[in-house]
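**Student:** Each chain, letter by letter, is given below.
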Amino acid sequence: MTGASTLAWMTLLLPLASAAVITLGTLKNHRLSANLSIGAILGAFVCSLLLFLSASSGESNLTWIAIGDFNATIGVKLDRLSALMLLVVTGVGTLIHWYSQGYMEGDRSYARYFASLSLFSFSMLGIVLATNLMQMFIFWELVGVSSYLLIGFWHERPAAADACKKAFITNRLGDFGFLIGIIMVWAAAGSLNFGLLAKAMQEQPELLGASAGIIGLLLFCGAMGKSAQFPLHVWLPDAMEGPTPVSALIHAATMVAAGVFMLCRIFFLLSPDALSIIAWIGGGTALMAAVIALQQDDIKRILAYSTLSQLGYMVMAVGLHAPGAAMFHLTTHAFFKAMLFLGAGSVIHALHHEQNIWKMGGLKEKMPLTYRTFLYGTLALCGVPPLSGFFSKDGILAAAADSHHGNPVLFGIGILAAVLTTLYMGRLVLVAFHGAHRSEQASHAKESPSVMTVPLWILLVPTLVAGFFPVEHMINQTLGLHHASGHAAAPLAMAFSVLALMIGGSVAWSYYAGAGTDPLTQRFSGLSTLLCNRLWLDEIFSGMIAITHEAVSKLAGWMDQKILRGAIMGLLQHGVDILGRGLRLVQSGSIQTYAFLFVVGVALVIYIVLGGKH
Amino acid sequence: MIGLEHYLIVSALLFSLGMMGVILRRNLIVIYMGLELMLNAANLALVAFSRFNNSMDGQVMVFFVITVAAAEVAVGLALIVALYRKRQSTEVEDLTSLKL
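These protein sequence lines map, in sequence, to chains A and B. Oh and the first sequence: position 286 is 285 in our numbering, straight run, nothing missing. Oh and the second sequence: position 76 is 961 in our numbering, straight run, nothing missing.
Keep in mind that the hints are not guaranteed to be accurate.
The calculated label-pair distances, taken between Cβ atoms and stated as ranges, are [stated by the list, open to error]:
1) B:912 with A:565: 52 to 62 Å
2) B:972 with A:583: 22 to 32 Å
3) B:912 with A:573: 36 to 46 Å
Residues from chain A shown here face chain B by an in silico Cβ test under 7 Å; the list is partial [said to hold, decoys possible]:
4) 585
5) 588
6) 589
7) 591
8) 594
9) 595
No wet-lab data here; the hints were simulated from the structure. Positions of the beta carbon are idealized from the N, C-alpha and C atoms, including for glycine.
Start from the sequences, fold in the hints, and give me the full structure.
**Tutor:** Encoded structure:
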């Protein structure tokens, strides 16, 4: 264990060291900073690979703060779940660090970019290796901060500055629930360590008592923020204002997967009621995001909504008692979605930051390498057999069709979302890469340099073959779920998903092959406007915030005006005034009145002193 | 047999009379007379205590009171004369200018 835990500590601390060295020392030296950052993540990747292959398990803890009988510990927990996630984070991370060298070439804050990227890797690895909820929460927030830094990397653009604030605040909303959930777990169980909690729950399933459902949902709030589930999904599409490699790393492959990972980690704490609500939220998000993706024109936004939709699938899988399927889809999705984003980045780079797909077209011949990898990524995302996405999506659909934990309505939603996935991805590929050039830039596009295309080729390998690894079985075993749902329903799910693929594919082909403008916009203009504006959810939310804000301000104003200034200050002022007026009457100026009062006073004193004696 | 109580009752009556004079009469000179009456009522009580307790303390105190009263009358009457010169009145109703 000691060798393994040293490796795990190294995995965690290498990126932190790189972030610190770059920030404190080498900000001026761009080349060296990039190399440091890439070296650190590569080292972490090698460590993770060794850890994954050695299949070691266990944990090592350091006490960070001890208050009474409460110990806040920072540690590393190794099991199949964290090893797999480590591999995904550092593997995809290494490629994206590499790719960033080319994409960020010439940016004046090149070194700061790599420092933030390293900080992000450190935070993310901290979540993955966390031994307890407290540590997870700390790194959870660190991920939020580094994501904020990276989304707002081009902070001189107002849109990026707004997007990073929006992402951070929306995440904080979810984290607030997460924190309350953690505190309630501690109050109920007296421990936050995953291992101890799991053991306690096994010995005493009713440990969390009547509030188990509420605790589950509060913990899910954290995942809702990070994994962008409805209604906290609004930050993710805006987060595309960050540099494209960041979108690939954070907002497709790793950070947004943190929520799903966390749900798998704490799966034993989630009660059946909480799980069913989680499943519905996941399914709803999957469908809603897929529908919105149909009418987006920005290549990155389409991918962002696609990510939302796939995250919805994963969350739904957790809700359907199939965390193994969720982790499986998370792994395969991380590879092909990172590849799609990097492909999109390559296109955007070639077109001098043009992101509208209707101004692309015909890139198939101009950028053959990017096109081919993008196409495979799309096919994997749509679930074409035998690419990786087919197997993982099938696992989730099978869980939904399961007779015990499944739900036919959610299965239907899953199939419908799969149809829509094929439709919007088909639209994206057909419009952006096929047909005629629709703009000056598109006709002059050149293939990106090899520093950007090599990571695409490397990512293509897991995209093609990751589906053959028994990830689902492995995770279910680690989590102690020996009767995972879905195996009986697998053929049914497979048949339906192939059917969905064919329907979506043929509709996309008939609408978008060679289309110069969007036929959907003309045919269903009302629906299209609704979707273009993302169901007006952003507007509704800001309206709601405005109304709440107004109401709270009015209440505060009323308190200040009426209660503080009115009642309290008024009472004080008028009370003193009336008292003064009263006392003025005594001051008559007549010496005899004074004498009389004096006598009365003396008589009173005498009565008080002597009166009691009889 | 005349006892201490009788002296004290006379003293209390004199004191009350003087006090009524101070409170009720309008003329400053009469008020002054009331004040003197109160002082002498106190003197009577002190002398009576001295006599009945076989102690000289009361009589010593009376001498002090007489001395202070003489000085007070001198100052007070001088004030009244000065006031009369200024206001042509010794009635207290006319002397309420210190009212707020």
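**Student:** Compare the structure with each hint and give your call.
**Tutor:** Status of each hint after checking the structure:
1. Checked against the given bound of 52 to 62 Å, the beta carbons of residue 912 of chain B and residue 565 of chain A, roughly 54 Å apart, stay inside it.
2. Distance hint for residue 972 of chain B and residue 583 of chain A: a CB-CB separation of about 25 Å, consistent with the stated range 22 to 32 Å.
3. For the pair residue 912 of chain B and residue 573 of chain A, the beta carbons lie near 43 Å from each other, so the given range of 36 to 46 Å is met.
4. The interface hint given for residue 585 of chain A is violated, since its Cβ lies 9 Å from the closest Cβ of chain B, which is over the 7 Å cut-off.
5. With a cut of 7 Å, the hint placing residue 588 of chain A at the interface with chain B holds, because the nearest CB-to-CB distance is about 3 Å.
6. At about 5 Å, the closest approach between the beta carbon of residue 589 of chain A and any beta carbon in chain B falls short of 7 Å, and the interface hint on this residue holds.
7. Checking residue 591 of chain A against chain B by beta carbon gives a least distance of about 6 Å; that is within 7 Å, so the hint holds.
8. Annotation: interface hint on residue 594 of chain A holds; nearest CB of chain B at approximately 5 Å, less than 7 Å.
9. For residue 595 of chain A, the shortest C-beta to C-beta distance to chain B is roughly 5 Å, which falls under 7 Å, so the interface hint holds.
The structure is inconsistent with hint 4 alone, although it conforms to all the rest.
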